[in-house]
Amino acid sequence: MDEQQAIQALKHGKIDGLAFLVSTYQLKAIRVAYLVTHDPQLAQDVVQDAFLQVHRSAGSFDARRPFEPWFMRSVVRAAVKAAHKADRQLPLSSLQSQAPGADDDQAERWLVAQGSVEAQVESAEEEQRIWQALRQLSPRQRAVIVQRYFLEMNEKEMALELQAAPGTVKWLLNAARRRLRSLLGSERSAR
Amino acid sequence: MNKLHSALHAIARRDIPETTDLWPLIAARIERKDTLSMNPKLKLAWTFVLVLLGLILATTAAYALYRFIFNDPGLQAVGDAGLVTGVNATAQPTLLPDPLSFTQGQRAALATQIDGGLTATLVSAYADAHRLSFVVHFDGWKPDYAIGIPFLYDANGVDYNAGRTNAAASDSDPNTWTINILPFSELQMERFTGKLHVYVENADNPRFAEFDFAVDVPVGKTITFQPMQSGTADGIEIRLEKVEMSPSHTRIYTCVVQTPTLSGKWIPFWNIALPDGSGVSPDEEAEYKDLAAGPSSGTANCATTGFPIGYESHIKTLRLTADHLRFLFDKAIWELPPADLQAAQQKLAAQGIQASYVEPADPSGDSGLRVTKKPAGMDDEAVQWLFMEALGIEYPGPWSFTVDLPQ
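Chains as they are written, first to last, in this note's numbering: chain A, 1 to 191; chain B, 1001 to 1407.
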């Protein structure tokens, strides 16, 4: 069975079609939702609901359109909503108390970086610091980071998804990056 | 590979293992929904409510179909005039060996056929220069059946220019269907001789019953005249160039003389009013038509539309009003330059409207125009037109014409 056959089967009420789509896309979808919600259980709930929505509305889906892009977009949207609802954001002090230490040189690199923050990540420790810093972003800011750097959407695709001009997307991305830099810089000042 | 990308993937891999499998949970939730049980009293109450809702919906749908097909004033008029060919041959259940092997004088050979558990009878046939209309009755019809796209073949078995088609069941008899075919170009022969191919489908089988009916019907002629009327609104002139009337149908041709801001294809959207104040809906949105060699204007910016009123309706005047002139472009609205969309949204904001266009990517139907704020009493369709007006791709007009019809 391929994707088109799965969608056709689903449109005819056959659950095998949904099983195929779940097995194909669930892992990526849960990971996307997790990066936005920062809660593995909530991420799984979001993706379950997204697949059930696919099951309910299969009849109206145009099988000629690729499934993955719109499904991942719907997962991102649902994850942002779920994160807002769960109010998962932690106060800044929490980051400052939880974040592992970073040496002055590393923190300085974050602060002085004129380009992208991604250039600064080199180790598992840095990954963890970024993960903690991401928790301090709003769900919407996390979503644009996930769309850009995990789903590898370009700015035009993000603009369509966000119903915003590419300039607005640039601004959102830059704001998220600046916030990341600021948070990582605050680690330094807290120590 | 950028490093933030790598970090996100590493985190995702670390915290969400490959072995994660949601399917048992999803399947269980679907199963629970499917086998949801109710106590008998509640079930009875729900059944009553659902039957009531079903009746309301069925009545509404039947009324819509009635309005759409069976209230077709053009067909009613030609029926009253005796121009519809009654076929309704004596039922002789058989397959059609050669749908075109009929002799002169036969309206349709072997007009009753059996296939897929259905018996289909071609009850009547009608043709004029603008359309063909067939009534088919089915015995053994079930509610989940539907008619697929009908095909028309000429006497040589060549796919005829069927153009737009529609089919709808009678509200009084759901086993009887009217099939309308609007050819791309008008029929210019004295008689149409050919074959109608109809198939029936349901959710499990796209073509489980197929029928071929031989057709031999006279073709009603058109009357063509040139009103040469002109109307101006929003600084734009529209000319009513040509009217073609068949016994059951009228087609009008209009041209935009001065192209508005954007050069390209502009089409008007028409309302057609009868002398008694009632209206009739056009077949569909107007269609761009190159009338470069047209009757008068020489412009290429022309369009045509049709509606089911013909000269057999014996109406003396028609009032034609175009209350929208819209630019046709290749892109969807959400693909327009963001700066244009934002400028339009700002214009709308000054009118108390907040709206945007969403790419139709979500199967839940969350797409197209999304209105988040509008003045009380304004519907979404009005917002849509205002949005297009703000984008400069729509003008409100109106352009009105009163046409005296030849009697």
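Derived by calculation from the structure, the hints in this document are not laboratory data. Note that the structure is predicted; figures quoted are calculated from it, not measured. Among the clues, some could well be false.
Unchecked claim - Selected chain A positions facing chain B (in silico; Cβ < 10 angstroms):
1. Met1
2. Asp2
3. Gln26
4. Leu27
5. Lys28
6. Leu35
7. Leu42
8. Asn154
Said to hold, decoys possible - Calculated pairs, DSSO-like style, for lysine-lysine (alpha carbon to alpha carbon, straight line, at most 27 angstroms):
9. A:Lys156 <-> A:Lys11
10. B:Lys1373 <-> A:Lys156
11. A:Lys11 <-> B:Lys1142
12. B:Lys1347 <-> B:Lys1373
13. A:Lys170 <-> A:Lys156
14. A:Lys156 <-> B:Lys1347
Said to hold, decoys possible - Here chain B is said to cover these stretches of chain A; the calculated rule only asks that three of the stretch's residues, wherever they fall, bring their Cβ under 8 angstroms from a Cβ of chain B:
15. 14-22
16. 45-55
17. 125-132
18. 135-144
Each residue gets a CB set at the ideal place from its N, CA and C atoms; glycine is no exception.
_Hints violated by the structure (numbers, ascending)_ = 1, 2, 7, 8, 9 and 18
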